[in-house]
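Chemist: Each chain is listed here by its residues.
There are 2 protein chains.
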Amino acid sequence: MADAEIKERRIIVAVDEGEESIYALKWCLNNIIYSNFKDTLILLHAKPRPAVYGAMDGTGYLFSADLMANMERYSIELANRVIEKAKNVCKDLHQDVKVLTKIETGDPRDVICEMVEKSGADLLVMGSHGYGLIQRAFLGSVSNHCAQNVKCPVMIVKKPKSTAVDA
Amino acid sequence: MADAEIKERRIIVAVDEGEESIYALKWCLNNIIYSNFKDTLILLHAKPRPAVYGAMDGTGYLFSADLMANMERYSIELANRVIEKAKNVCKDLHQDVKVLTKIETGDPRDVICEMVEKSGADLLVMGSHGYGLIQRAFLGSVSNHCAQNVKCPVMIVKKPKSTAVDA
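Protein chains in written order, with the UniProt record's numbering: chain A, 1 to 167; chain B, 1 to 167.
Simulated from the structure, these hints should not be mistaken for lab results.
Yeah, the Cβ is synthetic: ideal placement off N, Cα and C, and Gly gets one too.
Do not take every clue at face value.
[As the list claims (entries may be wrong)] Lysine-lysine pairs mimicking BS3-like chemistry, simulated, CA-CA at most 25 Å apart:
(1) A:Lys-7 / B:Lys-161
(2) B:Lys-158 / A:Lys-7
(3) B:Lys-158 / A:Lys-151
(4) B:Lys-7 / B:Lys-91
(5) B:Lys-161 / A:Lys-151
(6) B:Lys-38 / B:Lys-118
(7) A:Lys-91 / B:Lys-7
(8) A:Lys-7 / B:Lys-7
(9) A:Lys-158 / B:Lys-38
(10) A:Lys-161 / B:Lys-118
(11) A:Lys-158 / B:Lys-118
(12) A:Lys-158 / B:Lys-151
(13) B:Lys-38 / A:Lys-7
(14) A:Lys-38 / B:Lys-38
(15) B:Lys-91 / B:Lys-102
(16) B:Lys-158 / B:Lys-87
(17) A:Lys-151 / B:Lys-151
(18) A:Lys-98 / B:Lys-7
(19) A:Lys-161 / B:Lys-7
(20) B:Lys-98 / A:Lys-7
(21) B:Lys-158 / A:Lys-118
[To be verified] What follows is a set of in silico ranges between Cβ atoms, one per label pair, in the way DEER data are often shown:
(22) B:Thr-105 / A:Gln-148: 26 to 32 Å
(23) B:Asn-30 / A:Thr-105: 34 to 40 Å
(24) B:Glu-17 / A:Arg-73: 51 to 57 Å
(25) A:Lys-87 / B:Lys-98: 32 to 38 Å
Isolated chain A, as found in the complex:
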């Protein structure tokens, strides 16, 4: 590509609490983002939906309103921390890149696919194993689902087992 030509790209990076998504973000910043592109990086975190209908534990007791409120508070705090960490990584590796952040509530598969569609993204970047082991057991692989269902190119990044968080 001619280096003089300046492209505008919208790149979504799906981030969660796991190290792999931070590795994927670093990989993207080091390998895809350049000064000769006008890139907008959209850091997207999917926050679980509050369990409005499932407010009963396995023994048939209702969860208290307090507990439910605490869980929701924890989930919001976690989402903010994830986004804050991701923003700091961007600042450290690529000061010039324009960064937007989004926290959306719902199944990460739907959240990510909908955001790609809505934003007209040029690229989706994600780790291969997001959203925790337990959640994955129920959801199936988020990255597989997104790779099959979004229309833009998808970059799936794995964190090497033996390496520190470096890309």
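Model the placement of chain B on the given structure of chain A, informed by the hints.
Modeler: Positioned in the frame of chain A, the structure of chain B alone reads:
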């Protein structure tokens, strides 16, 4: 990333006779390859293994040696044409990039995963629907398999339905 810093990356692009893999190659040349990187692009084509044991048609008649030899010749010719086309795309879009070509015989899933491992690739680029409809029905999705099994980042590129071969 500091633009002065020069990285050496080995990028494998899996190419087949379909338009999608050429679209993926163009996408890679337009979005990943830059003059400030020392990239080596490895164009890899997986040629089907000659059917040494399956030389019998559905009616129980043996295929003639001639027919078998013709099929193999066709397969070699096709592989050469695919690689030639891919090389021309590279030349058109990015004259400076170093290009290596590889034609390997076997199941594309194995060929691609083995080449990633052997070459120590930094990135694998592929279309989402390679190797034809019939072959895919037997093989399952090549891109899914590779995304799950290789260790390096995988870029899966889909050709938009309404667009000409442009990335």
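Chemist: Each of the hints needs a verdict: does it hold here or not?
Modeler: Structure-based check of each hint:
Distance hint between A:Lys-7 and B:Lys-161 is fulfilled; the C-alpha atoms sit about 22 Å from each other, no more than 25 Å. Restraint check for B:Lys-158 and A:Lys-7: satisfied, since their Cα atoms lie roughly 19 Å apart, inside the 25 Å limit. At most 25 Å may separate the alpha-carbon atoms for a hinted pair to count; B:Lys-158 and A:Lys-151 meet this at roughly 7 Å. A C-alpha spacing of about 21 Å is found between B:Lys-7 and B:Lys-91, which places the hinted pair at or below 25 Å, so the restraint holds.
Annotation: proposed proximity of B:Lys-161 to A:Lys-151 holds, straight-line Cα distance about 9 Å (limit 25 Å). In summary, the hint linking B:Lys-38 to B:Lys-118 is supported, as the alpha carbons are separated by about 20 Å, within the 25 Å threshold. For the proposed pair A:Lys-91 and B:Lys-7, the alpha carbon gap of about 21 Å is at most 25 Å, so the pair holds. Only pairs whose Cα atoms come within 25 Å are accepted, and A:Lys-7 paired with B:Lys-7 is accepted, the gap being roughly 21 Å.
Only pairs whose Cα atoms come within 25 Å are accepted, and A:Lys-158 paired with B:Lys-38 is accepted, the gap being roughly 23 Å. Between A:Lys-161 and B:Lys-118, the direct Cα distance comes to roughly 18 Å. Compliance with the 25 Å bound is thereby established for this hinted pair. Straight-line distance between C-alpha atoms of A:Lys-158 and B:Lys-118 comes to about 18 Å, which keeps the hinted pair within the 25 Å bound. Taking the CA atoms of A:Lys-158 and B:Lys-151, the gap is near 7 Å; set against the 25 Å cutoff, the hint holds.
The straight-line distance between the Cα atoms of B:Lys-38 and A:Lys-7 is roughly 21 Å, inside the 25 Å bound, and the hint therefore holds. A C-alpha spacing of about 22 Å is found between A:Lys-38 and B:Lys-38, which places the hinted pair at or below 25 Å, so the restraint holds. Among the hinted pairs, B:Lys-91 with B:Lys-102 is consistent with the structure: their alpha-carbon atoms are about 17 Å apart, no more than 25 Å. For the hint pairing B:Lys-158 with B:Lys-87, the CA-to-CA distance comes to about 20 Å; that is within 25 Å, so the pair holds.
At roughly 24 Å between alpha-carbon atoms, A:Lys-151 and B:Lys-151 fall within 25 Å of each other, so this suggested pair holds. Between A:Lys-98 and B:Lys-7, the direct Cα distance comes to roughly 23 Å. Compliance with the 25 Å bound is thereby established for this hinted pair. Proposed proximity of A:Lys-161 and B:Lys-7 is supported: the alpha carbons are some 22 Å apart, at most 25 Å. Proposed proximity of B:Lys-98 and A:Lys-7 is supported: the alpha carbons are some 23 Å apart, at most 25 Å.
Taking the CA atoms of B:Lys-158 and A:Lys-118, the gap is near 18 Å; set against the 25 Å cutoff, the hint holds. Distance hint for B:Thr-105 and A:Gln-148: a CB-CB separation of about 28 Å, consistent with the stated range 26 to 32 Å. Separated by about 35 Å at the C-beta atoms, B:Asn-30 and A:Thr-105 satisfy the suggested range of 34 to 40 Å. Range check, B:Glu-17 to A:Arg-73: about 55 Å between beta-carbon atoms, so the 51 to 57 Å window is met.
For the pair A:Lys-87 and B:Lys-98, the supplied restraint of 32 to 38 Å holds, since their beta-carbon distance comes to about 36 Å.
Hint check: no violations occur; every hint is consistent with the structure.
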